[in-house]
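J.: Residue strings, one per chain:
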Amino acid sequence: MSGELIGLIGLAVVLLLLVLRTPIGISLIAVSFTGIYILLGPRPALGMLATLPYDFAAKWTLSSVPMFLLMGFVCYHAGLTRGLFEAARSLLAWLPGGLAVASVWGAAGFAAVTGSSIACAAAMGRIAVPEMLRAKYSPALATGTVAAAGTLGALIPPSILMILFGIFAEVPISKLFLGGVGAGLITALLYMSVIIIVATVRPDFAPRSDTTDSFSERIRLLRQTWPVVLLLLIVIGGMFFGLFTATEAGAVGALAAILIAMGRRSLGWKGFWEALKETIVATASLFLIAVGATLLTRFLTLSGAGDFIADGIIAMNASPLALLLGLCLIYLLMGMFLDPLGAMLLTLPVVLPILDGSGIDLIWFGVFLVKFLEIGMITPPIGLNVFVLKGVIGPSVSLTTIFRGIFLFLLADAIAVAIFIAFPATITWLPQLME
Amino acid sequence: MIIIGKALRWLAQGCAFVAAAAVVLMMLQIAVDVTLKNLFNLHVPLTATLVTKWYMVAAAFLPLGLVEMLDRNISVEIVYQHFSRRWRRIVGGAVCLLAVATVCIMVVPLWDEAVERMEAGSFIVENGRHLSVWETYFFLPVGFAVFGAVLAYRVAVLWGGFASGMGETPIDADADQTVDPIEEGI
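From first to last, the protein sequence lines stand for chains V and L. In this text, residue positions in the first sequence follow the numbering used here: the first is 1, and each later residue adds one. In this text, residue positions in the second sequence follow the numbering used here: the first is 1, and each later residue adds one.
Bound-form chain V, shown alone (with noise of 0.2 Å):
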């Protein structure tokens, strides 16, 4: 039997195994292991395994992904987001949609401080939902608006999906975040647009509110946002400004979040302990993942599948808007399935390859690849954000009207897309800014 051939019926069990619920670490070391045991036997197969996961961990690189994610539930667990929504909706409720647009750039505010859409779509959910229902928002809108929104949370920094692809794709993490930038803010200002067009269309879906709050209101309200500009600012001022690098960030942003809690006295032991247990839980559950990735790059390097692949993919003389369109379908269906991090590692030791013969930039591929997961986030039947949504709402919303009020986000969407592919500045110009 051909190496090839190895490695495409390993790629195929993989699948199987995905299937079968098998944890997706597991799947990919246990299939990796095998493959490189049939391929060159067991002393090989073992001593990688005994090298490799420590190899990986030990990155300094990679400390960003724990500190970031500690930053996150930090403020989710002592509620310094709160105000954001509060601040937005006093300030663009005399908007059409004016709550549903404080929804969005609310979610942008919190998707500074966390690098999880489903953070931002869980605390947007609590806070924004009940006060869009209250003013007879229609629901499919009301919910629809923060699914989408919370999608924000991994495309504006910080963002563990982008982490994880600088490291693989060996490009400066502090160039993808500055990236998601302008691909988060695109985002939302089209998000905002299609609530505008809905509401001035349809004006039952979003009665306009009869009250303004006073400009001492706002301004109090305002106010209160201050731990996530601060946050904001030390973070994102610090890595652009060049004292400390992305790396560091996440430590100096969670400490920081750590001491605003604390000066504010909304973090209790319970509180701490919990985002602690929270950042190891995921950051462990994330390193399987992510060990297993490596392994399977191993594996398909060794048998000659990746070459393989990328080969016939090359071969067929595809231009770059052919390959990024056959890429973007292949991620649109997996993120229907799969969970973003799981099928990002699992796809960028193929897509990887390919790319590089290709002349597409890395940092707008990253971006753009975190932009095309998060969709997957919010499409039928697997969208992660709804079902998360449905999970803070409860039964007052079903998820038919949830999925049926993200349709237009998704046209939204399909439109951020297609300027990202015919203004790929729109990603880079801040990256390159940098230099």
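Everything labelled a hint here was simulated from the structure, so no lab data went into it. Hints may contain errors.
Distance condition first, Cα-Cα at most 20 Å in a straight line; then the derived SDA-like pairs of lysine to any residue [claimed, not checked]:
id : chain 1 : residue 1 : chain 2 : residue 2
1  : V       : Lys59     : L       : Val133
2  : L       : Lys37     : V       : Gly242
3  : V       : Lys277    : L       : Phe17
4  : V       : Lys277    : L       : Leu131
5  : V       : Lys277    : L       : Leu70
6  : V       : Lys277    : L       : Leu11
7  : L       : Lys37     : V       : Phe240
8  : V       : Lys59     : L       : Gln13
9  : V       : Lys270    : L       : Leu25
10 : V       : Lys59     : L       : Arg9
11 : V       : Lys59     : L       : Leu131
12 : V       : Lys59     : L       : Leu70
13 : L       : Lys37     : V       : Ile236
14 : V       : Lys277    : L       : Val125
15 : V       : Lys59     : L       : His130
16 : V       : Lys59     : L       : Ala48
17 : V       : Lys270    : L       : Leu131
18 : V       : Lys59     : L       : Val125
19 : V       : Lys277    : L       : Val24
20 : V       : Lys270    : L       : Ser132
21 : V       : Lys277    : L       : Val133
22 : L       : Lys37     : V       : Thr245
23 : V       : Lys270    : L       : Ala21
24 : V       : Lys59     : L       : Leu25
25 : V       : Lys277    : L       : Ser132
26 : V       : Lys277    : L       : His130
27 : V       : Lys59     : L       : Leu11
28 : V       : Lys277    : L       : Leu28
29 : V       : Lys277    : L       : Trp10
30 : L       : Lys37     : V       : Leu243
31 : V       : Lys270    : L       : Ile171
32 : V       : Lys59     : L       : Arg85
We have chain V; now place chain L onto it with these hints.
T.: Frame of chain V, contents of chain L only:
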């Protein structure tokens, strides 16, 4: 059996506590190092080695038992969620057994590597300072061994049908959508 379950819970939580301490120390040390670097052009000695070889390795692998106890390993539910409870028990248990086998195969070379490093007295030199790192190689076999033990106990409870005592999240229950969303992962 309940005593075994409780012992495993303490073991998994103990390992997780060490990992949590590593995360806190990592945060403090990097933050202090960055502050000193920017203010006085000074560095906290051995920061790179402590962060990469000690804190990161502990944070990444020691919580594996707790992750499994809480059923927080990332997996695909698309087909599994449509299984009946009986099939969930059968398939879920079989998948756990595969995971136990994989983890056991990993523990052996990881342990051998750790013992080899201990006998060699592995250390790192950073800016003229020595730091012993052989101890950190034991984090991996320990973390994976606890992971394997929790998995094996989960199968025993799942297929044996007796009381657990470990406090694990069951894998044969119906999907509960009312859990805290923050616990849903990345």
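J.: Verify the proposed pairing of lysine 59 of chain V with valine 133 of chain L, using a straight-line Cα cut of 20 Å.
T.: holds (14 Å)
J.: Does the alpha-carbon distance linking lysine 277 of chain V and phenylalanine 17 of chain L stay inside the 20 Å limit?
T.: Measuring from Cα to Cα gives roughly 8 Å; hence the hint holds.
J.: Lysine 59 of chain V and leucine 25 of chain L were given as a pair; does the straight-line alpha-carbon distance stay at or below 20 Å?
T.: Holds - the C-alpha atoms of leucine 25 of chain L and lysine 59 of chain V are around 16 Å apart, at most 20 Å.
J.: Between lysine 277 of chain V and leucine 28 of chain L, is the straight-line Cα distance small enough, at 20 Å or below?
T.: holds (17 Å)
J.: Is the Cα-Cα distance between lysine 59 of chain V and arginine 85 of chain L 20 Å or less?
T.: Given that 20 Å is the threshold and the Cα spacing comes to 42 Å, the pair is violated.
J.: For a C-alpha distance cap of 20 Å, please report whether lysine 277 of chain V and valine 24 of chain L respect it.
T.: OK: lysine 277 of chain V and valine 24 of chain L at ~11 Å, within 20 Å.
J.: For a C-alpha distance cap of 20 Å, please report whether lysine 59 of chain V and histidine 130 of chain L respect it.
T.: holds (19 Å)
J.: If you draw a straight line from the CA of lysine 59 of chain V to the CA of valine 125 of chain L, is it 20 Å or shorter?
T.: At roughly 16 Å apart (the allowed maximum being 20 Å), valine 125 of chain L and lysine 59 of chain V satisfy the hint.
J.: Please work out if lysine 59 of chain V and glutamine 13 of chain L have their alpha carbons no farther apart than 20 Å.
T.: Not satisfied, since the Cα-Cα distance of roughly 25 Å exceeds 20 Å.
J.: Can you confirm whether the C-alpha distance between lysine 270 of chain V and leucine 131 of chain L stays at or below 20 Å?
T.: violated (34 Å)
J.: Checking one constraint from the list: CA of lysine 277 of chain V to CA of valine 125 of chain L, max 20 Å. Satisfied?
T.: violated (32 Å)
J.: Hint check: lysine 270 of chain V vs alanine 21 of chain L, CA-CA at most 20 Å. Holds or violated?
T.: The given pair, whose Cα atoms are some 15 Å apart, holds under the 20 Å limit.
This entry does not satisfy hints 4, 8, 10, 12, 14, 17, 20, 21, 25, 26, 27, 31, 32, going by the numbered hints stated previously.
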